[in-house]
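S.K.: Take a look at the letters that make up each chain.
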Amino acid sequence: MILPDDQVRELARLFPGVQQADEGGVTYFLIPVLSLPAGCTPDRVDALLCPSARDGYPSRLFLAEQVRSRSWGTARILERNWYMVSWRIREGLRVAQMVLAHLDAFK
Amino acid sequence: MSPEAVVRIPRPLYDRLAADLRRPHRVAFERVGFVSCAAATAGGATQLVLACDYHPVDDAHYLDDPGSGARINADAIRVAMQRVMDTKRGAFHVHLHGGRGLPSLSRMDQEEIPRLVNSLRVAGPTIPHGILLLSGDSCAAWVWTPGSASPVSARVTIVGHRMHLIHPGVSAAPEALDRFSRQSFLGQGAQSTIAQVRIGVVGLGGGGSHVVQQLAHLGVQRFALLDADVVDESNLNRMVGATAADARAKTPKTEVAKRVITAITPKAELVTHMGRWHERAELLRGCDVIFGALDTFAGRRELEVACRRHLIPYIDIGMDVHRVGSEPPRMAGQVTLSMPGGQCMFCLGFLTEERLAQEAAEYGAAGPRPQVVWSNGVLASTGVGMCIGLLTDWTRAPDRPVYLSYDGNAGTVTPHIRLKYLPVTDCPHHPLKEVGDPIARALSA
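Going down the list, the protein sequences come from chains A and B.
If you're matching positions, the first sequence starts at 1 in our numbering and goes up one per residue.
If you're matching positions, the second sequence starts at 108 in our numbering and goes up one per residue.
Simulated from the structure, these hints should not be mistaken for laboratory data.
Misleading hints may appear alongside valid ones.
Claimed, not checked - Taking lysine to aspartate or glutamate and the EDC-like style, the derived pairs with C-alpha atoms no more than 20 Å apart in a straight line are:
1. B/LYS195 with A/ASP6
2. B/LYS195 with A/GLU79
3. B/LYS540 with A/GLU23
4. B/LYS527 with B/ASP506
5. B/LYS195 with A/ASP22
6. B/LYS357 with B/ASP339
7. B/LYS540 with A/ASP22
This is chain A alone, in the form it adopts within the complex (with noise of 0.2 Å):
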């Protein structure tokens, strides 16, 4: 995936120390300690953002730990083990509007 120059440099202003990886064809965003939404325990964790369609939903949040007790999943990606929850966002967002979309998972 090769995303607009605008939209990387807003991805890395929002988010610093953000990465880019390939796998199975798939480009994932892996942001580093993610401040989550109030009341979230732990409050930060890693985050790793699909930003295309995976497994019917259009893009995916994924954390490194579970946040919630709620229907959780789990993920192997990038030789990590990722938690995922249900939750679908709107089409035809920005990445970084992406990634905060899916924290509304949390609140």
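For chain A, the structure is supplied; the task is to place chain B on it using the hints.
M.R.: Frame of chain A, contents of chain B only:
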């Protein structure tokens, strides 16, 4: 534990570099190249070196030196060092000696190439570098792991059809001669290869239990066995080796598999994990072939990705029973071989985003899938036969994608119809540049 290294080279890449090294040169008697390699660890002290690209030395970078087979100039070394810095991949000096069997370095090689490797280590101090040396039919490798003072002699595996396992100093056990006399048609050296290979099996229920039993009978001695489940009553209709007592005791399926194998081969070398394979992924990285007998498409996708990343052939088996209206149930299954560098389960059309989406939508609602012992047996036997063909090449079948379709109602196993229409292309989903530990690129504002 003494350090150990395993070098894996995809066969198409190996054939390409071997052909290049055989090209004559205007002034040099031999040619030289560099193989780019990713790194990973396979648990313990085992260093995995995963070849992912080949770079011949430019014709102009050879020196005219009648006293040596090939002498390259400083520009060639500078280019190799720059590539290490740019790609974060290790570099292996490679050249070819004539003759057959395991090659050894000449005295001049031993004096000069380590100095060159030291330059590569300066360019990339945190990744392994080394030497590959080819003969007419074999390959030797020496690996300098980060920080080590001296190299280790590595096991080399040429990954493809046929697999070529080159394990210096290892030979078949003497008891092989009698026990395996009825399968001597597999070829000279076949039993030694079967004894050396390490096979991972993920999922030890209906399909996987047949797989491990057959592999043990064939003489496989090294296994990694992973399953999160215990035996219960509903497994007894199909799980080889499981007993009513196991169902009562809730015996882990890994323990049943271990019992089946060691009853046939008491000295088998087994590592087991009762849990999801994700928890002990390093156990699989050291395997030469992996079988998956999993229930879900998502699980298959993850296991295939792990195999591709570590250049391990993956054999997947599975079955299902469908009901449509008032028709009799339709029993169908498949056996696929996902060979690193070749077409993957997405390319074959077995995995699709639609299937994965449907499975995710039904998560937790699908209930247990129908399974019966005879279809599990057919599919497992087919997969085991495929594995032995890969290791011994006894069929001399041409290298091709493998996707076999099982029709349980008709009792047939045939090449899947999709193979007829499969384009001959490299797999776009798992390029060799993705092998080894993931490399992430920092994004800047």
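S.K.: Take the hints in turn and mark each one as holding or not.
M.R.: Hint check results:
At most 20 Å may separate the alpha-carbon atoms for a hinted pair to count; B/LYS195 and A/ASP6 exceed this at roughly 27 Å. Taken as a hint, the B/LYS195 and A/GLU79 pair is honoured in the structure, with Cα atoms around 18 Å apart against an allowance of 20 Å. Between B/LYS540 and A/GLU23, the direct Cα distance comes to roughly 10 Å. Compliance with the 20 Å bound is thereby established for this hinted pair. Proximity of B/LYS527 to B/ASP506 is assessed by CA-CA distance (about 15 Å); at most 20 Å being required, the pair is judged to hold.
A threshold of 20 Å between alpha carbons decides the hint, and for B/LYS195 with A/ASP22 the separation of about 15 Å falls inside it, so the pair holds. In summary, the hint linking B/LYS357 to B/ASP339 is supported, as the alpha carbons are separated by about 6 Å, within the 20 Å threshold. With a CA separation close to 10 Å, the supplied pair B/LYS540 and A/ASP22 stays within the 20 Å bound.
The structure fails hint 1 only (numbered hints given earlier).
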